[in-house]
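Residue numbers (our numbering), protein chains in the order written: chain L, 1 to 187; chain R, 1 to 187.
Just so you know, not all the hints are guaranteed correct.
[Stated by the list, open to error] Between beta-carbon pairs, the in silico distance windows are:
1. 186/L to 13/R: 24 to 34 Å
2. 13/R to 63/L: 40 to 50 Å
3. 186/L to 24/R: 29 to 39 Å
4. 155/R to 42/L: 35 to 45 Å
5. 92/R to 144/L: 57 to 67 Å
6. 183/L to 182/R: 49 to 59 Å
7. 29/L to 97/R: 44 to 54 Å
8. 95/L to 135/R: 24 to 34 Å
9. 24/R to 94/L: 42 to 52 Å
10. 29/L to 122/R: 38 to 48 Å
No wet-lab data here; the hints were simulated from the structure. Fair warning: this is a prediction, and the values are worked out from it, not measured in the lab. For each residue, glycine too, the CB sits at the ideal point set by N, CA and C.
Number of protein chains: 2
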Amino acid sequence: QVKKDFSFSNRGKTLEDELNESNAYYLERGFAVIHKKPIPLQIVKVDYPSRSSAVIREAYFRTPSTTDYNGVWNGIYIDFEAKETRNKTSFPLKNIHEHQVRHMAQVIRQQGKAFLIIRFSSLDRYFVVPFSLLEDSWNRMIGGGRKSIELAEIEQAGIEVIPGMYPRIDYLPAFEQLYRNEESEER
Amino acid sequence: QVKKDFSFSNRGKTLEDELNESNAYYLERGFAVIHKKPIPLQIVKVDYPSRSSAVIREAYFRTPSTTDYNGVWNGIYIDFEAKETRNKTSFPLKNIHEHQVRHMAQVIRQQGKAFLIIRFSSLDRYFVVPFSLLEDSWNRMIGGGRKSIELAEIEQAGIEVIPGMYPRIDYLPAFEQLYRNEESEER
Ligand SMILES: [Mg+2]
Ligand SMILES: [Mg+2]
């Protein structure tokens, strides 16, 4: 059981807010260059009330064709999707789009690194989860199996990030550990 | 003098359209995973006319903090900005934001590869231009020098991409050549 330290409370921040803070911290210190991609929108109507300003008056959300975050760390291409669930025992796969799975597989094929960052909000627990576990679970679902990844599987294959002071979610060391484990398995 | 082959005409396509075609081609064949980032918007007002649909009714364009394109090729992080100019003898630096220069410098520091793709629209000529030339020209401007990169400098330091059939702008081999040249200079 992980003891919750309320001095490191997230004060109602979304996972995205927390990861933006982490990424700003990494960028400032020269540890990594990782950014969230903007939300893709289909812009239909733009007004120009004055020469210098433009107001979008009609636009629609589009389904993203990739993941939310990517960037570079130490010569390595990094690509991940961040997801929260209020579920306490498993991560439902309906949170992930099929084309995101396809995208992450493409990244791996190009020798980039793809993973998930999952927050179990009700438990205040965070994990860096390798794409391999997502892929296996996805194929299991397609084969008629369960439509989720069990927390126990995530504890087993992923690396937990214990919330800290600043940045609250220091996920890069967890990713590094995952990456070193993979490298030593390959040897 | 480059002979213009009208069978490979761009038929009024923007550089962005052309590069999207190139990237789709690379993705399909497993050559690289490179995507254009969505335009960053500040969303102010969203209407929900029905349960399943959302219409953005007020949003504003934001200044991008990074470049337009990034991705991974063969284990290498790739990051570039694409720009067109109607100018015939030089590329005006006012087309580039200072924070984009800063971003590309950060990418290089993380051992990623950063460059520009410049289209001289009036000439129908395209170049992959290494960040080093942009950086030198930027510093020259800050030091009080010219506010542009001369075409002759681009011809010298960059690699020209001759428009072809499909994809029309096959920029990856040009990038590869640039990258090999850098590698051999470092040795
Ligand atoms: Mg997301
Ligand atoms: Mg641009």
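Point to revise | Structure versus earlier hints - violations, ascending order | key: Checked against the structure, the hints that fail are numbers 1, 2, 6, 7, 8 and 9, while the rest are satisfied.
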